[in-house]
Amino acid sequence: MILIGERINAGFKDIANAIRTKDPAAVEKWAVAQAEAGATYLDVNIGAASRDPADMAWLVEVVQKAVPTRISVDSTKIEAIEAGLEAIDGRGVLINSTTADPGKLERIVPLAVKHDATLLGLAMDDRGSPQNVERRVENGAMVFMSAMEAGLPPDRIILDPILMPIKFMQEQAVFVLEAIEQYTNLSDPPPHISVGLSNIGSKTPERGRIIRTFLVMAMAKGLDAAICNVCDEELIAAVATAELVLNKEIYSDSYVRAFRMRQGS
Amino acid sequence: MTVEIPDVRKDWPHSINAVTIGATSAEGGTRTSTITIGGEKTLPFYHFEGAMPNPPVVAMEVWDVPAEDWPDTVREPFADVLDDPARWAKMCVESHGAQMICLRLQGCDPNGADRSPDEAAAAAKAVAGAVGVPLIVWGCGSDEKDNEIFPVVAEALSGENCLLGTITEDNYKTLTALGTAYGHKLIAESPVDINMAKQINILALDVGFPAENLVIFPSTGALGYGLEYVYSIMERLRAAGLKGDKVVAMPMLCDVGMEVWGAKEARAPESEVPGWGDAGVRGPLWEASTATVYLLAGADLLILRHPEAVRLTKAAIARLMGGEAG
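Chains as they are written, first to last, in this note's numbering: chain G, 13 to 277; chain D, 2 to 327.
Only chain D is shown next, with the shape it has when bound in the complex:
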């Protein structure tokens, strides 16, 4: 007896926006290459069903101040460069294969080093000068301070077509205006809430910011810390986008390193938690595992910290895209 297997392939009526980040000299910037994310016509890695023209991308995270609260496991590989964002970025690209650099302006945090907008811009310029890959620039997390920093930083990187973030429901007007004025793409953030993920996009579109210049950041949870909530939101957003809801048909970003390296499972040294194994192995695995799960949920851009996690994640992407592991 033969069993007929039904053809379950779907023909999705729409596709996810393709967003290009970075500008070469021909395009008015100084990047040596650009990156395009998104453009999917099907669910993640459903190569049998539709095209996934742009493989997901791995960015590495660099701070404008030495990342004091990173655990040793993830500080060690950068021990010699932590006080110099430019050299740090260069090491990420040249030694660890970062496809983009995410400069997080943590030093501007008013509860921390409280660095000035000019200092932030200087750090951004230094990183831009040190590497040729496209850049993500992430604020310090204080709305008020970010609104002081970004006018200076966005202008300093004018024409580089960076990805800046984040805009939220409570704070989007400054950055959308800057993105338009200086030619940058934006990250639209929502707090693990699909309704708010849609709302922030509508708000940005309503002030005239193009849908094609937005990347969705639905928040990220580390493995063991709400990852499945984010996963289901990403799944629903992607399916809705493919069905034709243009307000959510954007590529998605996951801020993996930031979350994972705050989790005890990645941080705690073996001396504190006997039986959990070597933190130097465990931490990067926790980061790579989290990243890989998000790839399956539809992540187009992952921000990571540890070189080993970057290596493992890029290998997973290569395999999922149908190639050989790198």
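For reference, chain G alone in the conformation it holds in the complex:
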């Protein structure tokens, strides 16, 4: 399972403050905590706290000094993504993200090729977020084709069918599950499939439970990546258990421990 740690994001106050004051302490703290929890990638996002691409480079550098974990450069702005990629010290990197918008694909796919990066593509286009299965599949396929044509192997492509809050758009979750299944048929081997997991539990008192349950159901459909709170022990235990049920991991009594050992590399 590819676990992308979501916490170094300027949407959180401590990270926004860190960017503003250039005090690395909060960023370092979350880099270490998420790496120890088994994150495959650490997402870094300067969000609305900054318009300066140099801030993305600063975040990347702080994280790189703190841990050896791979980094997910997360921005909707191409300039910020570029600045993040330029700061990468040779470790594995994920571009988070492109959309299926041809104008965006044209600019971001070559960046993935140039920087040996993995590319995460959202199933959105210039019309906004998809509201049904068909649009998700169409947009996912669009990203996939563009990336493949540029020479990225399926293993370096991650598709995100766009998960929405269940409280406000309850019908969408089942569309996401269906889209995940269809993504697995795009190629053999298939691309990786991820969601922004925390979205589904937004503004609900049962957040953790909703997130965990959806994740397990989605894994049964073929989800093999997630941007999530990797420090949530119950969530990680659910992932470990789902991998066991899917026969991806040899059973042992301490299988959750084994999963953490495996992830933490």
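Keep in mind the hints are simulated off the structure, nothing from the lab.
Only true hints are included.
Okay, derived cross-link-like pairs now, PhoX-like style, lysine-lysine, Cα gap no bigger than 20 angstroms in a straight line:
| # | chain 1 | residue 1 | chain 2 | residue 2 |
| --- | --- | --- | --- | --- |
| 1 | D | K11 | D | K42 |
| 2 | G | K260 | D | K247 |
| 3 | G | K41 | G | K25 |
| 4 | G | K34 | G | K77 |
| 5 | D | K244 | D | K42 |
| 6 | D | K126 | D | K91 |
| 7 | G | K215 | G | K179 |
| 8 | D | K11 | G | K260 |
| 9 | G | K260 | D | K244 |
Residues from chain G that face chain D, not an exhaustive set, calculated with beta carbons under 7 angstroms:
| # | residue |
| --- | --- |
| 10 | Y263 |
| 11 | D265 |
| 12 | S266 |
| 13 | A270 |
| 14 | M273 |
| 15 | R274 |
Please read all numbers here as calculations on a predicted model, not as lab measurements.
Ideal Cβ positions, reconstructed from N, Cα and C, are used throughout, including at glycine.
Put chain D on the given structure of chain G with help from the hints.
Positioned in the frame of chain G, the structure of chain D alone reads:
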């Protein structure tokens, strides 16, 4: 019409840990050579697919007491040395090509000779003094007694980087601590059970013992005695390790002689089973056949008893590694 043959070679993302046993004087020990096992980047002998940098190794078994219950076929070659582990070990290395010696401290068995930890250590020191190859030291099988023996034996062989065993799910804390304190590698044993094979490794790692210092012993069955169960477990462990499950990416050991020479097919004299042929030929063949099957399952280290089985198995390894039979 041409038929296109698909390229089925796999590019495994991970490799099996390489484990080095023995330490020369430069490394703080007194061995004249060291042995490295594991390190595979592919399935056993898939040379067309990936590297298998270290050929499997054959160790010969020596006991600290004369091996009374070994059948005559396998006692005869050692008849003059059975009462002296040092000379026995020396004969295995110098006359029969043993690449390692496995000293089994059977004499410490509380239901047998019940020898003391000091006697066990003396035997271990004597063997270490007699041969230069790396050593395996195997307990007597009683957890309680092994936990008394090993503190003394592990210290006596301090710095020699031996392979000690075994640790099990019920008994691993003493030996993992000793392995760390005195610089030895360990054998992680499980009873023909892939889940427990993984569990014992996790337990060892959890107390801080390095994954790179473990060798998996998934139990061994002689040909005709559950060999295929062990075989399938070894296959699955190896594939999982190559796929990236680091908790099982260890080299594997098979205790072949111990099992084979307990089997009727290897033991029984021809007088008892007319038609089975000369036990002196049959026994070693049974041992070599069992060993060869385990090579194909991914065994990195085989412990054998009979010199002829050792010769045949080493020849099989040489051929499987792409060389000429020795």
